[in-house]
Amino acid sequence: DTAVSQTPKYLVTQMGNDKSIKCEQNLGHDTMYWYKQDSKKFLKIMFSYNNKELIINETVPNRFSPKSPDKAHLNLHINSLELGDSAVYFCASSRQGGGYTFGSGTRLTVV
Amino acid sequence: KQEVTQIPAALSVPEGENLVLNCSFTDSAIYNLQWFRQDPGKGLTSLLLIQSSQREQTSGRLNASLDKSSGRSTLYIAASQPGDSATYLCAADRGSTLGRLYFGRGTQLTVWP
Chain F
80 DTAVSQTPKY LVTQMGNDKS IKCEQNLGHD TMYWYKQDSK KFLKIMFSYN NKELIINETV
140 PNRFSPKSPD KAHLNLHINS LELGDSAVYF CASSRQGGGY TFGSGTRLTV V
Chain G
9 KQEVTQIPAA LSVPEGENLV LNCSFTDSAI YNLQWFRQDP GKGLTSLLLI QSSQREQTSG
69 RLNASLDKSS GRSTLYIAAS QPGDSATYLC AADRGSTLGR LYFGRGTQLT VWP
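Chains as they are written, first to last, in our numbering: chain F, 80 to 190; chain G, 9 to 121.
Watch out, some of these pointers could steer you wrong.
Some chain G residues well away from chain F (every beta-carbon gap over 12 angstroms; in silico) [as the list claims (entries may be wrong)]:
| # | residue |
| --- | --- |
| 1 | Asp35 |
| 2 | Arg108 |
| 3 | Val119 |
Examples of chain F residues toward chain G, derived with CB under 10 angstroms [claimed, not checked]:
| # | residue |
| --- | --- |
| 4 | Thr110 |
| 5 | Tyr114 |
| 6 | Gln116 |
| 7 | Lys123 |
| 8 | Ser127 |
| 9 | Ile135 |
| 10 | Val139 |
| 11 | Val167 |
| 12 | Gly177 |
| 13 | Gly178 |
| 14 | Phe181 |
| 15 | Gly182 |
| 16 | Ser183 |
| 17 | Gly184 |
Quick caveat, the hints were computed from the structure, so don't treat them as lab data.
Positions of the beta carbon are idealized from the N, C-alpha and C atoms, including for glycine.
Extracted from the complex, chain F is given alone in its bound form (with noise of 0.2 angstroms):
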């Protein structure tokens, strides 16, 4: 199946724990983005990448370090977590001039 999924689905961890979230397209997109989808459900960027690029850095803490070893993978990592960090993150792909898709979102709680 063509999509965008990442990994893990789920993710409970305690604050100061540094954890990753992985992200892989198989669309042929050159664009991957991070959302993240605060609790009251507003979706934002964090970053987007395009051909393992860096290009959008919005004003995220730098505890959060986008990594791209491919145009297909574009990966998160977080030091230090804090409980605000708790959200849902949603990887996203594109072509230019082309829609959007979005992964199945990764729900990270820290407790």
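Go by the hints and put chain G onto chain F.
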């Protein structure tokens, strides 16, 4: 900065009704306009994409229109069904390699039998 507003925030209707969900955006220099559906605890499913040169798109019982000059898009749902219950999100894309989606806060739709 692009701001996207969706009205109403919530809608509860009996099945069979024809519905209108509204979306407005402040910067008319958008590239594409995309409507998504989100079920509780789930991801985003793309419903309709209105590309730069288009004014509307249709898929089954759904029809979306786009008027860039007035900064508005409308999603029509015909003959609503309980299975249509979900949150509907409107998102504007600025296009180019700096593309990003600016989302509205959604319309939470409940269709009861």
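Exercise. Going by Cβ atoms only, is glutamine 116 (chain F) closer than 10 angstroms to chain G?
Worked result: 9 angstroms, holds
Exercise. Was aspartate 35 (chain G) rightly flagged as not at the interface, with every chain F Cβ beyond 12 angstroms?
Worked result: For aspartate 35 (chain G), whose nearest Cβ neighbour in chain F is about 15 angstroms away, the distance exceeds 12 angstroms, so it holds.
Exercise. If you take the shortest Cβ to Cβ gap from threonine 110 (chain F) to chain G, is it below 10 angstroms?
Worked result: Result: holds, 7 angstroms to nearest chain G Cβ.
Problem set entry | Hint status (Cβ of valine 167 (chain F) to nearest Cβ of chain G, threshold 10 angstroms) | 9 angstroms, holds
Problem set entry | Hint validity - glycine 177 (chain F) Cβ closer than 10 angstroms to any chain G Cβ | Since the shortest Cβ distance to chain G is 8 angstroms, the answer is holds.
Problem set entry | chain G contact restraint on glycine 182 (chain F) - CB to CB distance below 10 angstroms | 6 angstroms, holds
For this session: Using Cβ atoms only, decide whether glycine 178 (chain F) comes closer than 10 angstroms to chain G, and label the hint accordingly.
Result: 4 angstroms, holds
Exercise. How about isoleucine 135 (chain F): closest beta carbon in chain G under 10 angstroms, or not?
Worked result: At 6 angstroms from the nearest chain G Cβ, isoleucine 135 (chain F) passes the 10 angstroms test, so the hint holds.
Problem set entry | Distal placement of valine 119 (chain G) relative to chain F, Cβ over 12 angstroms | 19 angstroms, holds
For this session: Say whether it holds or is violated: arginine 108 (chain G) keeps its Cβ farther than 12 angstroms from all Cβ of chain F.
Result: The claim breaks: arginine 108 (chain G) does not keep its Cβ more than 12 angstroms from every Cβ of chain F (closest is about 5 angstroms).
For this session: Classify the hint on glycine 184 (chain F) as holds or violated, based on whether any CB of chain G lies nearer than 10 angstroms to its CB.
Result: This hint holds: glycine 184 (chain F) lies near chain G, its Cβ roughly 5 angstroms from the closest one there, short of 10 angstroms.
Exercise. Can tyrosine 114 (chain F) be said to touch chain G, with a Cβ gap under 10 angstroms?
Worked result: 8 angstroms, holds
Checked against the numbered hints given earlier, this structure breaks hints 2, 10; the rest are met.
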